[in-house]
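Number of protein chains: 2
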Amino acid sequence: MALEPIMIFPEHQQQSNDHILNARVRLATESDVPFINKLIHKMAEYYNLAHECEDTETSLFAALFNSKHQPLSNPFSSTVSVFLIEVSPTALPVPPHQNCRAIDLAGHKFEPDTIHKTVHVNHLINDPEESLFRTEKGTIIAGFVIFFSSYSTFLTKPGIHMEDLFVRKGYRGMGFGKLLMKAVANLTVRLGYARMEWTVITWNVDSHRFYEKLGAHILKDWRIFRLDGDSLLSFGQLNN
Amino acid sequence: MALEPIMIFPEHQQQSNDHILNARVRLATESDVPFINKLIHKMAEYYNLAHECEDTETSLFAALFNSKHQPLSNPFSSTVSVFLIEVSPTALPVPPHQNCRAIDLAGHKFEPDTIHKTVHVNHLINDPEESLFRTEKGTIIAGFVIFFSSYSTFLTKPGIHMEDLFVRKGYRGMGFGKLLMKAVANLTVRLGYARMEWTVITWNVDSHRFYEKLGAHILKDWRIFRLDGDSLLSFGQLNN
Numbered sequence: 001m002a003l004e005p006i007m008i009f010p011e012h013q014q015q016s017n018d019h020i021l022n023a024r025v026r027l028a029t030e031s032d033v034p035f036i037n038k039l040i041h042k043m044a045e046y047y048n049l050a051h052e053c054e055d056t057e058t059s060l061f062a063a064l065f066n067s068k069h070q071p072l073s074n075p076f077s078s079t080v081s082v083f084l085i086e087v088s089p090t091a092l093p094v095p096p097h098q099n100c101r102a103i104d105l106a107g108h109k110f111e112p113d114t115i116h117k118t119v120h121v122n123h124l125i126n127d128p129e130e131s132l133f134r135t136e137k138g139t140i141i142a143g144f145v146i147f148f149s150s151y152s153t154f155l156t157k158p159g160i161h162m163e164d165l166f167v168r169k170g171y172r173g174m175g176f177g178k179l180l181m182k183a184v185a186n187l188t189v190r191l192g193y194a195r196m197e198w199t200v201i202t203w204n205v206d207s208h209r210f211y212e213k214l215g216a217h218i219l220k221d222w223r224i225f226r227l228d229g230d231s232l233l234s235f236g237q238l239n240n
Numbered sequence: 001m002a003l004e005p006i007m008i009f010p011e012h013q014q015q016s017n018d019h020i021l022n023a024r025v026r027l028a029t030e031s032d033v034p035f036i037n038k039l040i041h042k043m044a045e046y047y048n049l050a051h052e053c054e055d056t057e058t059s060l061f062a063a064l065f066n067s068k069h070q071p072l073s074n075p076f077s078s079t080v081s082v083f084l085i086e087v088s089p090t091a092l093p094v095p096p097h098q099n100c101r102a103i104d105l106a107g108h109k110f111e112p113d114t115i116h117k118t119v120h121v122n123h124l125i126n127d128p129e130e131s132l133f134r135t136e137k138g139t140i141i142a143g144f145v146i147f148f149s150s151y152s153t154f155l156t157k158p159g160i161h162m163e164d165l166f167v168r169k170g171y172r173g174m175g176f177g178k179l180l181m182k183a184v185a186n187l188t189v190r191l192g193y194a195r196m197e198w199t200v201i202t203w204n205v206d207s208h209r210f211y212e213k214l215g216a217h218i219l220k221d222w223r224i225f226r227l228d229g230d231s232l233l234s235f236g237q238l239n240n
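Those protein sequences? They're chains A and B, same order as listed. Residues in the first sequence are numbered from 1 upward in steps of one, following full-length UniProt numbering. Residues in the second sequence are numbered from 1 upward in steps of one, following full-length UniProt numbering.
Excised from the complex, chain A in its bound form (with noise of 0.2 Å):
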């Protein structure tokens, strides 16, 4: 009897909509912006939070690449950073340059890792916003994940903490959103820092699973304060 290649190899089954997604997950650019402000909007209305959103490429940029222009006398600058991930069906291009440097404890430098990663899809991708996250290039804008450095005072080394992380709608069950975390851990092994925490929202138990299975574990005990809008501003005076 012949072997059906379907039961030998059922990985390697051949439909009409198999296809191979070549993804990449590197460092943001200033040319990213456009991109980066529309997914925070996509990922507002995926929470229903839209009318919170108060995100504007302008401000977007001032975060991201403002603060490596400020005299290093300002203590008190914001460091946040962006990691995007983006496909293309065909070869990736050449990355935009990254002009980073980033530098370990123990003083040496080095440029962050560009992770990439081929995925096999078995059904067509479903993407009616692909024009609006299409780079020059070609690619797709297919998710992001935004960090900053964090701080342990027992531990006297920084740490990183990942502070939102989206992937498009038609790029998810992919492994996109794990690539980003691990790009992310990459970093903050290479740099030397105790640690990566997030916050997730405490009825969303699937993430919890996902996270657990990665090494991470819950603080259970501890929770978040929060001091903001009239209150802040009451408290911040001096003379009261």
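In short, the hints are calculated from the structure, not lab data. In this text the structure is predicted, and so the values were computed from the model without any measurement. C-beta atoms are modelled at their ideal positions from N, C-alpha and C, and glycine is treated no differently. You may find that some hints are simply not true.
Which bits of chain A does chain B cover? Going by a derived footprint, with three or more residues having C-beta under 8 Å, they are [unchecked claim]:
1. 130-143
2. 146-153
3. 186-198
4. 214-228
With chain A fixed as given, assemble chain B onto it according to the hints.
Below, chain B alone, put in the same frame as chain A:
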């Protein structure tokens, strides 16, 4: 009947131990690093976490001041800052030169405020560690707050994360913790930042009440996830 002065002005009642203490919150300078190092170790003892405390003067100096000397092309440099509270029974000397220009979100430069408070104390202050915390100018370092800038994606604005706050035994109950927090809140407002946040252990209900009185609120639906140690090293590898 002659009124007893003690009945009319009970708050002015003079006892043998009555005295005033001049307190000041100011930004830490490079020469304060040995004091901050000792404060962190005292705080670790207070939390029974002395075994976890890896702080040294060298690592602390690097965290607080090295990032200010790093090239601007490094977007990951940590920007940790410290406010100290120092006290003196006599008039406080001129504060050390801060060499610090903060820049608010509108691009205006300013020098962070130094905050003064005069406290009436009706007991002898018991400070067996006074000699360890006496500055060259004769003031006594009584506590500190350490903080770094955070970021809100939806607001596209930085915030300030208060990492640790500690007031030494002997100087508690005088409002110094609140004064340190006020200094951070004042800086947050002057920078034009959106919020101030910090974490609190669940069982410390007294501190929750204290923070709520200041106008802060708990984010009861949020938890922190952490990835560190071997799990971070493993997940941060690109080849697995």
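Here's how the hints hold up against the structure:
1. Coverage of the segment 130-143 of chain A by chain B is violated. Counting CB-CB distances below 8 Å, 0 residues qualify, and the rule asks for three or more.
2. A stretch counts as covered by a chain when three or more of its residues have a beta carbon under 8 Å from one of that chain; for the segment 146-153 of chain A and chain B the count is 7, and the coverage holds.
3. A count of 11 residues in the segment 186-198 of chain A with a Cβ less than 8 Å from any Cβ of chain B is obtained; the coverage claim is therefore met, three being the minimum.
4. Remark: the segment 214-228 of chain A is confirmed as covered by chain B, as 15 of its residues place a Cβ nearer than 8 Å to a Cβ of that chain, reaching the required three.
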